[in-house]
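J.: As given, the protein sequences belong to chains Z and W, one line each in that order.
Numbering-wise (the numbering used here), the first sequence opens with residue -11 and increments by one.
Numbering-wise (the numbering used here), the second sequence opens with residue -11 and increments by one.
Please note that a few of the clues may not be correct.
Claimed, not checked - Once the Cα atoms are required to be at most 30 Å apart in a straight line, the calculated DSS-like pairs of lysine-lysine come out as:
no., chain 1, residue 1, chain 2, residue 2
1, Z, Lys35, Z, Lys218
2, W, Lys218, W, Lys142
3, Z, Lys0, W, Lys288
4, W, Lys35, W, Lys142
5, W, Lys75, W, Lys342
6, Z, Lys35, W, Lys35
7, W, Lys0, W, Lys35
8, Z, Lys142, Z, Lys75
9, W, Lys75, Z, Lys142
10, W, Lys35, W, Lys288
11, W, Lys142, Z, Lys0
12, Z, Lys142, Z, Lys342
13, Z, Lys75, Z, Lys342
14, W, Lys75, Z, Lys0
15, Z, Lys35, Z, Lys0
16, W, Lys288, Z, Lys218
Quick caveat, the hints were computed from the structure, so don't treat them as lab data.
The structure presented is a predicted model; accordingly, all values stated were derived computationally and were not measured.
2 protein chains.
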Amino acid sequence: MDWAEIFASRTKRMAASEIRELLKLLDQPDIISFAGGIPDPALFPTKAFQDAFSDALSGDTQDAALQYSVSEGYGPLRDWIVGEMAKLGIPCSRDNILITSGSQQGLDYLGKMMLSPGDTALIGWPTYLGALGAFNAYEPRYDRLNSGSNRSAKDYADAARETGGRVKFAYMSVDFANPTGETLDAAARDHVLDLAEELDIAVIEDAAYQSLRYDGEAIAPVLAREIVRKGDIEACRTIYCGSFSKTLAPGLRVGWVCAAQPVIAQLVLLKQAADLHSATINQMAIATVATTIFDSHVAKIRAAYSARRDCMLEALAAHMPEGVEWTRPEGGMFVWVTLPEHLNSSDLLEQSLKTERVAFVPGHAFFADGSGTNTLRLSFSRADETTIREGVRRLAALISAAV
Amino acid sequence: MDWAEIFASRTKRMAASEIRELLKLLDQPDIISFAGGIPDPALFPTKAFQDAFSDALSGDTQDAALQYSVSEGYGPLRDWIVGEMAKLGIPCSRDNILITSGSQQGLDYLGKMMLSPGDTALIGWPTYLGALGAFNAYEPRYDRLNSGSNRSAKDYADAARETGGRVKFAYMSVDFANPTGETLDAAARDHVLDLAEELDIAVIEDAAYQSLRYDGEAIAPVLAREIVRKGDIEACRTIYCGSFSKTLAPGLRVGWVCAAQPVIAQLVLLKQAADLHSATINQMAIATVATTIFDSHVAKIRAAYSARRDCMLEALAAHMPEGVEWTRPEGGMFVWVTLPEHLNSSDLLEQSLKTERVAFVPGHAFFADGSGTNTLRLSFSRADETTIREGVRRLAALISAAV
């Protein structure tokens, strides 16, 4: 059986994620991993989840917890999210919220909803690897957002027509972005909105790390800024993707999309057809835990990750040789390292796994065009401070020898 | 914002599932529902799940239960499924199993993996509504499998070329199919395999109801029959989709795909990009419950549903007027009713909800071409026997008045 004859053309653009493959390495106990954007399980609110699952499976909810439920998502969880969105300057109603199986599924569904083959998605260079993976299945062309080259809306639109489609959306992670750790300032957010208005396209705002700010002033989300302009979420083109993976627990696969009702209504149809609904009991458990301890729990993990970020930045400053640069994130889980141009971070990883037993993600995976071969991503979320210092020291020694 | 300008062409074929919309009616307590293929929550193994979730969240597994996990699925669950597949005559290994978020997701991923716009999917007339919904997103042409018209492989292939694609797969639910309740006999299974060989296409075997046989002899799955022919699952074109939704609980969203490794490897890439993995804790809980009580639990629900099926068949025989026909399923959850041709089951439903307060699914939703307007699907899974008798009596009275 020649399966290549049977597979659809879209499969040609699906490749194994380097991060997911790296995750398999984490089972080896002597590896120091700065790879995957993985929360530290020591910080999971396990007791709260024990109680929440136990509650869901008893009393009034015990039948519903195990039963089919509506594609839109569990009402009380959507209501809790409505309250959180309001705090961010995004007044909306339950009908503006769809529960997804992680924000990754939100990205997949948004690609599926908007991209026909040959359409253009505007993305950062670099950008979140999982967004590229999700969108690739719908065979878009990518164009570079915020290239600093001052291209006009017309330039983007003309280039998009060459592959037979049009620009459909701009995608960006605005706070402590994966992979760079950088935050888009207010002016840059407004600039993207201006461009989106001119092109008449959607904006996908990936807010997976938004709650994890350690210092600096919070900047209003793109959707909040657009609501200020337009007066109402129903008039907005921005689609906000949220996640509980970085705040409560990733293994439950619960995230959400917040957008104008025509978008949510279309996504509901899409979800009905694709997996009916996200697991009912998990939505109930997340709703309970979020309602009872969200703020105090997030304060706790912010304190822990913030200390690890400080530790990593200090270790980088102490050990990295001249010619190596890195970002100073105000939150999130990542520091982005740029090596001298002649160094290749994939080769470095191979060497590092062999001799230093330190894992990270080579940066080129985050570039739609495979450039960025001299960059790498370090995550500080999962290792304790002693381990971070030791891992950075070893990595810096390897880089110093290679420079 | 004109979202229709932004949405991809595939969204034009996405419509709300009538069943999912009907589900919302079930909240009204005076409705007798023969709609959705919904398990009776009174039969859920709730105590076993309470223990299983509690176990997953304590001891050795408590961190892993809440953490990211591999896209392939939880190893011990895949191993348990390998054992079950062996009992069905399908020897395979862990690498032949992917865990999906319900078998619905398996169907979505298989459509995504194989269908380019204009490709042909061979399906039954009628067929499972959710399969149509999942496949529609990939813009196929449908052709009718087992039409009884003796069309040759060449006829199918020639017709497929007219829309610029080729036949990619035949899809069928073989045991107590949704919606008809009918079972494909051994000769018909072999005939589909022969046709698939000639066309060089895949076969998707939807086995969602397979464990729910109440009487008659079990017939080996299509995949088992192909393994007898070929000697090894790796040489097989049949892709088997299983589910825990009808046996243990649908709300956890756990199902699986069993197929040759090139298929599983491609589906793993697709799942990585689409939702990373199915919820870790749910896979653990299903593994525990399946390992400890699967056989005894399934025996219990078989006994309950079997009695309800008998009750519905007796009530239909007692009350339905001449000219109404129905199937006698050997398992599953559905009886398929064919009314005299001049009756329209959508009109009947509207009337029934108003005056009789009895819900069912109009049959045309299960036909790719919208035919079957004089058919309807009754589910006997969720009502007790007194309710079944009363519901059928009311429905029969309405039909008698309309005939």
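J.: Hints first: check each against the structure and report whether it holds.
T.: Hints, verified against the model:
For the suggested pair Z/Lys35 and Z/Lys218, the alpha carbons sit about 43 Å apart, so the restraint of at most 30 Å is broken. Between the alpha carbons of W/Lys218 and W/Lys142 the distance comes to roughly 23 Å, so the proposed pair stays at or under 30 Å and holds. This hinted pair does not check out: Z/Lys0 and W/Lys288 have alpha carbons roughly 46 Å apart, beyond 30 Å. Distance restraint check for W/Lys35 and W/Lys142: the Cα-Cα separation of roughly 54 Å exceeds the 30 Å cut-off, and the hinted pair is therefore not satisfied.
About 48 Å separates the Cα atoms of W/Lys75 and W/Lys342, which puts this hinted pair outside 30 Å; it is violated. Taking the CA atoms of Z/Lys35 and W/Lys35, the gap is about 20 Å. The hint holds against a cut of 30 Å. Restraint check for W/Lys0 and W/Lys35: not satisfied, since their Cα atoms lie roughly 44 Å apart, outside the 30 Å limit. Between Z/Lys142 and Z/Lys75 the alpha-carbon distance is near 36 Å, which puts this suggested pair outside the 30 Å criterion.
Of the supplied pair hints, the one linking W/Lys75 and Z/Lys142 is violated, its CA atoms being roughly 62 Å apart against a limit of 30 Å. Restraint check for W/Lys35 and W/Lys288: the C-alpha separation of about 15 Å stays at or below 30 Å, so the hint holds. For a cut-off of 30 Å, the pair hint linking W/Lys142 to Z/Lys0 stands: about 28 Å separates their Cα positions. Between Z/Lys142 and Z/Lys342, the direct Cα distance comes to roughly 49 Å. Violation of the 30 Å bound is thereby established for this hinted pair.
Between the alpha carbons of Z/Lys75 and Z/Lys342 the distance comes to roughly 48 Å, so the proposed pair goes past 30 Å and is violated. For a cut-off of 30 Å, the pair hint linking W/Lys75 to Z/Lys0 is broken: about 36 Å separates their Cα positions. Only pairs whose Cα atoms come within 30 Å are accepted, and Z/Lys35 paired with Z/Lys0 is rejected, the gap being roughly 44 Å. The suggested pairing of W/Lys288 with Z/Lys218 is violated, with an alpha-carbon distance near 58 Å, which exceeds 30 Å.
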